[in-house]
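S.K.: Quick mapping for you: the protein sequence lines, in order, are chains C and S. Residue numbers for the first sequence follow the working numbering, beginning at 1 and rising by one. Residue numbers for the second sequence follow the working numbering, beginning at 283 and rising by one.
For the record, the hints were derived by calculation from the structure and aren't laboratory data. We put the CB at the ideal spot given by N, CA and C, even for glycine. Check before you lean on any hint, since a few could be wrong.
Examples of chain S residues lying across from chain C (beta carbon under 8 angstroms, computed) [to be verified]:
1) 318
2) 328
3) 346
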Amino acid sequence: MTFRETRELADFALQVRTDCIRMTNHGQSGHIGSMLSMTEIVTYLYNRVLHVSAENPRDPNRDRFLLSKGHAGACVYAALCRLGYFPEDWLMTYYRDDGKLMGHISHHVPGVEFSTGSLGHGLPVAAGMALAAKIRKEDHRVFCLMSDGDMNEGSTWEAIVFAAQQKLDHLVGILDYNRIQALGFSKDIAELEPLEDKLRAFGWSVVTIDGHSYDALEDAFAKLPFACDKPSLVICRTVKARGVPWLENTVKSHYGFIPDDKVADAIAGCKAFRDTFVKEAV
Amino acid sequence: MRGVFNKTLLELARKDPRIYMILADIGYGEIEPFRDAFPDRYYNVGVAEQNMTGVACGVAMEGNIAVTYSIANFPTLRCLEQIRNDVCYHNANVKIVIIGGGVSYGPLGVSHHSTEDIAILRALPNIVVCVPCDTCEAEAAVRAMIAHDGPFYYRCGYKNEKDIHDGSIDFRLGKALTVREGTDVCVIFTGPIGYNAKLAAEQVQREHGISVRLVSLHTIKPIDRNAITDAARNIGCILTVEEHNLSGGMGSAVAEVLADEGCICKVKRLALPDVNVSLVGSQEWLRDRYGLGVRGIADELVKLSGR
Chain C
1 MTFRETRELA DFALQVRTDC IRMTNHGQSG HIGSMLSMTE IVTYLYNRVL HVSAENPRDP
61 NRDRFLLSKG HAGACVYAAL CRLGYFPEDW LMTYYRDDGK LMGHISHHVP GVEFSTGSLG
121 HGLPVAAGMA LAAKIRKEDH RVFCLMSDGD MNEGSTWEAI VFAAQQKLDH LVGILDYNRI
181 QALGFSKDIA ELEPLEDKLR AFGWSVVTID GHSYDALEDA FAKLPFACDK PSLVICRTVK
241 ARGVPWLENT VKSHYGFIPD DKVADAIAGC KAFRDTFVKE AV
Chain S
283 MRGVFNKTLL ELARKDPRIY MILADIGYGE IEPFRDAFPD RYYNVGVAEQ NMTGVACGVA
343 MEGNIAVTYS IANFPTLRCL EQIRNDVCYH NANVKIVIIG GGVSYGPLGV SHHSTEDIAI
403 LRALPNIVVC VPCDTCEAEA AVRAMIAHDG PFYYRCGYKN EKDIHDGSID FRLGKALTVR
463 EGTDVCVIFT GPIGYNAKLA AEQVQREHGI SVRLVSLHTI KPIDRNAITD AARNIGCILT
523 VEEHNLSGGM GSAVAEVLAD EGCICKVKRL ALPDVNVSLV GSQEWLRDRY GLGVRGIADE
583 LVKLSGR
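Only chain C is shown next, with the shape it has when bound in the complex (with noise of 0.2 angstroms):
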């Protein structure tokens, strides 16, 4: 990836960052750490990956993007207000009576494909479309993005069943795999390793990424799919609230927002993250 190239999309992620932690100290909701975990993986989906657009939302063509960390939502709004799908003076309405923007991912706000909140229900309806697009032969692709929590759920694990079986290879499974959920590490709740594993012996295929890094982003995302007639994973290796190094891996930044008198300092933080990006690509 090219110097400028890099720089496009770690000033993206940055805006995103920023839109998130204002979002929620302003609606004084949740899951900022969330969010934070995977900006990377959306503005990178959003800017290389996705075959969308904002002039036709509803392009039958279009790849589909589940959201099954519906929580994680306002990341996703953040990327689709700054690609243009609706105004920027709708952000600040997240989580505020008589809003635009729900707590978790609706359907009803342009780009949106799907809503979810609750867990495990973005992979089944993901391997439906799929399997839609398989029967009429159409050649999009559909991606879901998950969570550690995602992966405790029993659902999302009969989707896993079903995509292989099916031979789903136009589904990708992306996982923002930062190791926490709610009450604590996923070690020490479900843990999931050894997950590629796993999910090779379900008959997936599988690659264990840094979800932070654009290169390896890209080398993953180019590749697919990894293997024919299986369904893909990408497992991206992330840290929860990424940029903000006070909340960085913690528990406590699943729940929280970051209050008024720390928003200047979580910002420099994510411009300091930023700036990583750039100085690495030098």
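Starting from the structure of chain C, add chain S where the hints point.
M.R.: Only chain S this time, still in chain C's reference frame:
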């Protein structure tokens, strides 16, 4: 009824390539003709009802009609959140079909009794709740279900149900069907239990001269408010009969209409009591045991009419 459902769906699927069946490993002896005719529109997801409903929702959101199908509570309660969040919230064109409403599978036990489904499903926005009473309604209801654009709950009976309607019917969703006219009591029933209500109506006419209007309320949501208020205002005495828990079912829905419309009339709800039906017996034996046999319904009619 089960046979009529599958035969009619197959006929409709021949004309409409949007129709898919998404199953969870249930339907032996009934679904094979659909499977054989449309192998690319038939998917057995395995014993995984949540995934069945999610996949059906995804298939439907791509412009298709997805039918989920299983017995008793499996395609409803096991995956209720998928029905609520995925299907109903997105107004997806998913048809949820159960075989064996009420205590059709009597001796199989509580796990196989669908006795709270009407209450639970009718509480969800966007969904039609339909309970055909005989083969005549069952066939018409399949056609109406496919013609309707949106979530639909179809509570099918099992097999060997007796006809309640004589001849052809003018079946329209949300419009109750009058089986026979009467002036003393109006029996509003839903589903195959209506056959017992019909026999009871004939019996009390014969033995006590009680004139019973018999109404099949096949669509519980949206409900036919006119049929209910007309019975209240012109007859003044209503008996509801359903093979469902007393809480929240069709009788409750009727009572809600009467309350909302300010109707003052005698009302009695006949249903299964608010218990787990753990007695062992056939559907007809269990109906008798809980006052839903012909004798039980006839006794209520006599009491209500004051004869």
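S.K.: Which of the numbered hints above does this structure break?
M.R.: Violated hint: only 1; rest satisfied.
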